[in-house]
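Peer 1: Given next are the chains, with one letter for each unit.
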Amino acid sequence: MREEPPRLARRLLERALEDDPAGPAILGDLHEDFVRLARTRRLGAARRWYTREALVLAMGRGTHRLATRLFHSLTDPTSGESPMTGSTLLAGLAQDGAYATRTLRRTPGFALFTAAVIGLGVGAATAVFSVLKPLILAPLPFEAPGALVWVANAARPGATSLSAFTSRTSNLTDFRERARSFEGLTGYNAFFDQGAYTLTGDGEPERLVGAGVAADFLDVLGVRPLLGRDFTPDEGVWDGPRAVMLTHGFWVRRFAADPGIVGRAITLNDEPWTVVGVLPASFDFSSIFSPGVSVDFLLPWPIAPETDRQGNTTFMIGRLRPGVSPKAAQDELDAIVAALQEEQPRRWGLGAKVDPLQAHIAGPFRPALLLLAAAAGTLLLIVCVNVSNLILARAPGRAREVAVRKALGASRGRLVRQLLLETLAIAVAGAALGSVLAWGATHLVAGNAASRIPLLSGVRVDGAALLFATGVAVVTGLLVGLVPALQVAEGGEATVLRSGGRGASASRSARRMRETLVIAEVTLACVLLVAGGLLVRSFRAVLDVDLGFDPAHLVAWQLNPGVDFQSNLERTDFYAALADRVAAVPGVEHVGFVDASPLGRNRTWGFRVADRPEAEDAPGFSLFPHMVDPGYLPAMGIPLVAGRDFTRDDLEDSEPVVLINETGARRAFPGEEAVGRRILQNDEVRTIVGVVKDVHHLSPELPPGTEVYFPWTQMPDFGTLDMVVRSALPDARTATAVSAVLREIDPSMPTREFWTMESRVDRAVSARRFTLGILGAFGAAALLLAGLGIYGVLAHSVAERTPEIGIRMALGASAEGVVWSVLGRTLALATVGIGAGVVLSLVGGRLVASLLFGVRATDPATYVGMGLVLLLIAGAAGALPALRAARTTGIRALRAE
Amino acid sequence: MPKVGEFELLVLMSILRQEDAPYANRVRDDLEENAERRVTRGALYRTIDRLAEKGFLRWEMEPSEVPERGGHPMRRLLVTERGREAVRQARDVLLDYFRGLGPRLDEA
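Each protein sequence line maps, in turn, to chains A and B.
Each position in the first sequence, counted from 1, maps to that position plus 17 in this note's numbering.
Each position in the second sequence, counted from 1, maps to that position plus 4 in this note's numbering.
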């Protein structure tokens, strides 16, 4: 056994004893005892003992020697050390630091409270920084992400449907061939969530989501598989070898991170697929490209004529050649598009819009995130003002101390330094607290997996965030320490000393200063509250939107039976029988089927109005198609406005029929009756038999577009079906009972994949809820700080004015009069602050305007409401000092003297 | 002559008791075993420094061949004449004082 003391502890001690003449002997003494201890007891215990001893010695000897040297240099000017050498400067700092700690320890309440306030501000700023970092500040987790661009289709302005932005795969083929701007151009199937894969084999059957990507997708992004290999070109052709690449999360969850899975086959939809690789944890496809939709594996998406026929399906991602700007790439693609259109006049769906990838991903969330950053900055300002105020409140008391030290010969620089150190010490404590707060907040945020905001799952407080927190805290400390420190600069210690420690001479200007700060605080709080209030009203407006269906008590399943249907009739019969079984479950009221339930997928088809002379050349309309069964509309609670619903008599060979929504009817048949009219869809004429109410299909915030419902018997073009069940029972009980029935019918059908419609609505408003939650917390903190600020100033001024109030009351002033004078002062301060806040909010309204829904940035109700809230808080904060003032008696006033 | 404190006195006496091995670790063991004092390392070193400042002791480094010291030298502590005088004085004062106390200390 080697009897060596712990290296780190020994080094530390060596450093501490570096210029101690007895140092080597002391090290030897300790070593000797250590060896003795190691022989009589266990080595581990001896090492622990050594570390402890070394730490105590290093600290004790170190500070003792420093203090001794300092003492010598102060008392013995001939000691040879000039006062400005590094070591004395350091010694002075150490002394000031010790002094600052002592001062703070004497007033622990003040120190703790101030640190808590700073911690609040630093925490808020750090949390927002952490959220902003992956999305806006940090590069995307790809190789040389600056060269990556997003190539969407050139959508008409105002277009909302996904397929207005996606491209046909022939575009990708042609761009790859002709464009010189790109090192690589790849793509993925934007509608991948419409496919469904059921994993069977080991364990319970599970419904999986696989994203189809071009074979060179990972290559262009610069992502290398953690295990196994990338897709090969022959896997990227139509009907090529079946290969999948597992996402890291799915690999860990389902296969317990078994590296042996690579090269084996898994069974998806009853067919074997070879696992060729596993993606690294750093590449989370869903959090970047499809937040809110989890992805379990990637599979090849063939860039081939077969996929081209499916229409606008693909999002393209390109890697620019070195030196090529996105603008240059855009110009080149524009030229290519024009040339292609000329060569092939009948070609449709051509277009290209190039954006840097990062801007594309973060773009929609930029306004919200910038607002949060501004809000965090405002909160931090409030914190600064608040802490300045707290420090100023102590200033008169400290003025005497400062004056004494100054009279004894302390230099101005030294005094300023010492006061700054004090606030810095508090700020550092605040940074520690703030980091903890930020850690908690980001933990909450990252856990919010259902959110539609990209890259949220990667949010955490890392080294950069801690550095940021420290930086913010130091700047805050310097800012707030500056005001009292500068006051030191003024002379007049004699006056202060003469005035008996009350510092009365300085009090008037100090009070004015503090009142100004309180006004600033109220102003900033008002700005935050107004922004928060506007967002709350927007959020309520979004929730109040009539979705067109009733999401309560609705549970939905995506069905994927392991049955091979020979015809569409067989399929619909199977589902109709299934619906009957589910409908027999006690409590179930309606059962319906749809291939695309609301607030889920996005797609469009085109149609024209039939029987119109101009029908041939008319631009046509785009519609959002739904394939439904007769039970769907009743189950969703979508009311029929005119005509009739589908029935079980609308069969494959009967007259082709459709239902259209009100918006569609208005657009296609303005001022006319839609029922009975006919439309042309995909060269087939269909009669409109009914008009239904609009449904907000994409988002509660977007106006409904044209929606057309097709009977599932006549339109077999659907992949999977969602079953919606309306029941009087609680959702969880409905889910259990219906799942049991589904398993009875087909044991291989995954039944854990269900969702409540209310959770869908929740997800649709998740980004808004996220912004609102953070801003709300900031607003509440601002309100609290403003209240505390007002309270602090008034309490202090009442305490200062005790003699004056006492004399007034002795001379006959009434208690109410005193209360009102204090309250009046409070409300005056608050009113000025609110006024300024309202003006600032009106000016800064642009920042929130893009985030508002159903409310204007100048909404008077919000402004008035928030003003009242602030007045109320100000009144409450002023009430306590006011009452204290009213209890002042002459005796007490005299005693205060 | 500077005064000598109680612990300082004990340390000086202990060094004198060591004869051929007047080293800090021996002094510490001696004080703990025979003077029934709990002595922390830091306090002992500080006291030694102080005694050296007052001129009561001096020390010499001597290389050590003992493997347990990990190659570090030893510090031989030597009580100066001034130190001896201080101890003598303290002894005389104390003894005088005790004598003046008479049998009172041991009476019931």
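There could be a bad hint or two in this list.
[To be verified] So the derived list for chain A, only partly shown, Cβ under 8 Å to chain B, looks like this:
#, residue
1, D36
2, A39
3, G45
4, V52
5, T118
6, L121
[What the hints assert, rightly or not] Sample of chain A residues lacking proximity to chain B, with all beta carbon distances greater than 12 Å (derived):
#, residue
7, P22
8, P38
9, P41
10, A42
11, L44
12, L47
13, H48
14, E49
15, R78
16, A410
17, G693
Because the hints were derived from the structure by calculation, they are not lab data.
From the three backbone atoms N, C-alpha and C, an ideal C-beta is built for every residue, glycine too.
Peer 1: Which of the listed hints are broken here?
Peer 2: 1, 5, 6, 7, 8, 9, 10, 11, 12, 13, 14, 15
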